[in-house]
Each structure stands twice: as structure tokens, then as C-alpha cells.
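Counting in the numbering used here, the sequence shown runs from 20 upward without gaps.
In case anyone wonders, no lab produced these hints; they're calculated from the structure. Possibly wrong hints are sitting among the right ones.
What the hints assert, rightly or not - Calculated cross-link-like contacts (lysine-lysine; reagent style BS3-like; alpha-carbon spacing at most 30 Å):
no.	residue 1	residue 2
1	Lys139	Lys57
2	Lys116	Lys139
3	Lys48	Lys103
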Amino acid sequence: MGHKRFCLLATLLVLTFTILIEGAQIPTKCQCKVPGGKRNDCGFPGITAEECHRRGCCFDASIPGVKWCFHPYSKAGECSVSVKERRDCGYPGISSKTCEQRGCCFDSANVDSVWCFHPKVKKHFDCHFTDNLLNMIPL
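All chains should be modelled from the sequences, with the hints used to inform the complete structure.
Okay, here's the thing in C-alpha cells:
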């Protein structure tokens, strides 16, 4: 019984440390192109860039008088693309994390469709450059 408890405890500790080390995914530059007046607060006064990024949020202190730690631009509505209209943005076996780092949508619900695909793009947040590497650079 002692060995089983030890293994369970060790597994839980490894999972906990993995989560703490990885933290939240840092949004891409594209996801953080939110105008100052449209930023939704994600922090508190005095939050550091590191603390903000650990929350999965954007940090930009370049504009005085607006929120510096804010939620990234959400593509929720832009990822509502029918299976037939999806334009491939990845490769077979791409992870959701890698796909989203490219600024694309990930949906593995339909086995016979493209899982990583380009979102519907609003002109205001158009971040799809000719060089896809630009979409992969986190802040």
C-alpha cells in the first residue's frame, strides 16, 4: 500500500510542477493588437509583465492611461468556419497549442476535416502576413 501511495503522490507532484512551469500560454502579438479603449482588464494596478503573461494575458505599458494587462483578442466568432470553408493552416498531427500560436483556429471534433485552419478575418485585427513565421512569435 505504501508503494502505491508514493507513486500517486509522485505523479501528482510532477503534474503540479509541470502546470506551474508551463503556466498559461502567452498570447501572440496578433492577439494583443487590442486598441487601448477596448482592452478588458486582466490584472491589477502594479502587475508585472511576467505575472500578466502567467495569466495568459497581454501586457503593453506603452500607452499611458489605459489597461496594461488585458485579455487577448478572442477569435471565438472568427473560428466558426464550416468544414467545407476551412483553409488549412497547419500540418497533420499539429497540436492545438502550435496551431493557436500561428494565429489559427483548432477544432478536432470532425475527424475528416482540417483541424488547424485560418479564422474568418476582421479587417481591424488582420494579422495574417505573407510570412507565417510572424504569427508564431509570442510576446
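Exercise for the section: Go through the numbered hints given earlier and state which of them the structure violates, listing their numbers in rising order. Expected result: none
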